[in-house]
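Each residue of the first sequence is one higher than the one before, counting from 1 in this note's numbering.
To be clear, the hints were calculated from the coordinates, so they are not data collected in a lab. Just so it is clear, CB atoms sit at the ideal spot from N, CA and C, and this is done for glycine as well. Mixed in with the good hints, there may be bad ones.
Unchecked claim - For each label pair, taking beta carbons as the anchor points, the in silico distance ranges come out as:
no., residue 1, residue 2, range
1, Glu125, Ser376, 27 to 35 angstroms
2, Pro419, Asp378, 38 to 46 angstroms
3, Met12, Tyr193, 24 to 32 angstroms
4, Glu55, Arg426, 43 to 51 angstroms
5, Glu59, Gln170, 13 to 21 angstroms
6, Thr75, Pro255, 46 to 54 angstroms
7, Gly65, Ser109, 16 to 24 angstroms
8, Lys49, Phe420, 19 to 27 angstroms
To be verified - Straight line, CA to CA, 30 angstroms or less: simulated DSBU-like cross-link-like pairs of lysine-lysine:
no., residue 1, residue 2
9, Lys325, Lys311
10, Lys269, Lys5
11, Lys236, Lys209
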Amino acid sequence: MQSVKQVLSGEMLGKPVNVRGWVYRIRSSGSIIFAVVRDSSGIIQVTIKKGVVPEPDFEAAASTGIESSVTVEGTLAEDERAPGGYEVRAISFAVVGPSEPFPITEYQSTELLLDQRHLWIRSREQTAVMKVKDSMLRGARNWFHENDYVEVTPPIITGVSAEDSTTLFQLKYFDRFAYLSQSAQFYLESLIYSCDRVWSLTPSFRAEKSKTPRHLTEFWNLEMEAAWVDNEGNMKVQEELVSAMLRSVVEERSPELRLLGRDPAALEKIAPPFERMSYSEAMDELQEKGCDVLWGSDLGAVEERELTMDKEHPVFIVNYPKELKPFYMKENPEDARTYKNSDLLAPEGYGEIIGGSERETDNALIIERLKDVGESLDKYQWYIDLRKYGSVPHSGFGLGMERVVKWVCGLEHIRDAIPFPRTIARVYP
RNA sequence: GCCGUCGUAGCUCAGUCGGUAGAGCGUCCGCCUGUUAAGCGGAAGGUCAACGGUUCGAGCCCGUUCGACGGCGCCA
């Protein structure tokens, strides 16, 4: 048995080959049938001729449809009329699992593709995206391992949130309520005292009613937290990690990137250091460009696009006003209006992919800020505890995997960066 | 949450001025030994999203509801 990729390499030219997969296209000219067979590695044309294959095999091929699973035995031939330049000339053909008429045809609407997501993920584009994601995850895991980070497994069911409490998914937890995790940050912060540097990959849940091409209600959050690291060190980790992920993809998935219309060479050029721009500088630039923004207003989708549209590399925006960010960030000693934090924006208008900061170590400030936003201190008591026993300067960040995949694959919508997207309007299939 | 667009055959869509519901693809049947999401001939296939209203008459006009998509806000 050979994979389609092996067959297409041509090394078995003139020799017997065995291929198995799913019917991608099938056409008949009466006594000759052309079937294009797909497996996870590619597609290849198979010719089935009357009189060459046994009659039952020919009948089976003649009556089979798109997406039926098949096995083919034949000879590999070079033929310029075949897509890819090679074809398998069958001497036997068998249908393993017949297919009813496939619901996804040449004519597709967004709605159909989302309703038939369980079938659409068989498409070549979706397959390519999954493989790119696979390589990025492995690239990240390898980078963390090489740099002495411990991969940890924080809980998904939590009783406390790192963000605004209105965006939590609540669930019944025996005789009380609990929440689906929005972020592992507080748990990672607890773990640095023993592990020094930790990271985790967990699903994160946001009940925000965001209806945009950048939001999922369930996404894969890649988070890191490290002791003895300041905000600048935090950014260095981010740019090296992202670059390592890109190298992994370019190395392993260049054909997939090309299928998606991405140039691997452009991604390969991305390397540290990434450009750094302060929030204040970003505001100046936006005002020069004629955007209607004032110091203190948040960077929305339009502003992020404006700042990154012409860039080929990711860019850090650092030192945001405190009002725009959560309570746990460390005050910037050079400008008390701002925090020591950074957002990493992907180029070409793709926008924010990472948010990170140095963390506040002063419990008095943390308590003051929590009181200011009307939070009860009770549920944060364990978090406040962390600063009582050998507090240490530390930093961390969260990277939205699907946002990075969206950028790297050049996708129009984040839902195509995950096989079964969960959005405000969809939990099916 | 706000703004916008859409909902007609299995799929993608047309349907003019309000007057008996259309095409392509797919499916089924027939023909075809080099097709490239092939070609030719034939057939089947409809609660026009739902409800209400206007009208002699509504796919079309009005209202309500539901659903979907696109954009914004909020955020990774």
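How the hints compare with the structure:
The beta-carbon spacing between glutamate 125 and serine 376, approximately 48 angstroms, falls outside the hinted interval of 27 to 35 angstroms. A hinted range of 38 to 46 angstroms for the beta carbons of proline 419 and aspartate 378 is consistent with their spacing of about 39 angstroms. For the pair methionine 12 and tyrosine 193, the supplied restraint of 24 to 32 angstroms is violated, since their beta-carbon distance comes to about 58 angstroms. Checked against the hint of 43 to 51 angstroms, the C-beta distance between glutamate 55 and arginine 426 comes to roughly 47 angstroms, which is consistent with it.
Separation of glutamate 59 from glutamine 170 is about 58 angstroms and departs from the stated range, judged on CB atoms against 13 to 21 angstroms. The hint said 46 to 54 angstroms for the Cβ distance between threonine 75 and proline 255, and at roughly 26 angstroms that hint is violated. Distance hint check: the CB atoms of glycine 65 and serine 109 are about 21 angstroms apart, consistent with the given range 16 to 24 angstroms. Evaluation of the 19 to 27 angstroms hint for lysine 49 and phenylalanine 420 yields a failure: the beta carbon distance comes to about 41 angstroms.
For the given pair, lysine 325 sits about 25 angstroms from lysine 311 by alpha-carbon distance, which is consistent with the 30 angstroms threshold. Taking the CA atoms of lysine 269 and lysine 5, the gap is near 28 angstroms; set against the 30 angstroms cutoff, the hint holds. The hinted pair formed by lysine 236 and lysine 209 fails the criterion: a straight-line CA distance of about 33 angstroms is larger than 30 angstroms.
When the structure is compared with the earlier hints, violations turn up for hints 1, 3, 5, 6, 8, 11 and for no others.
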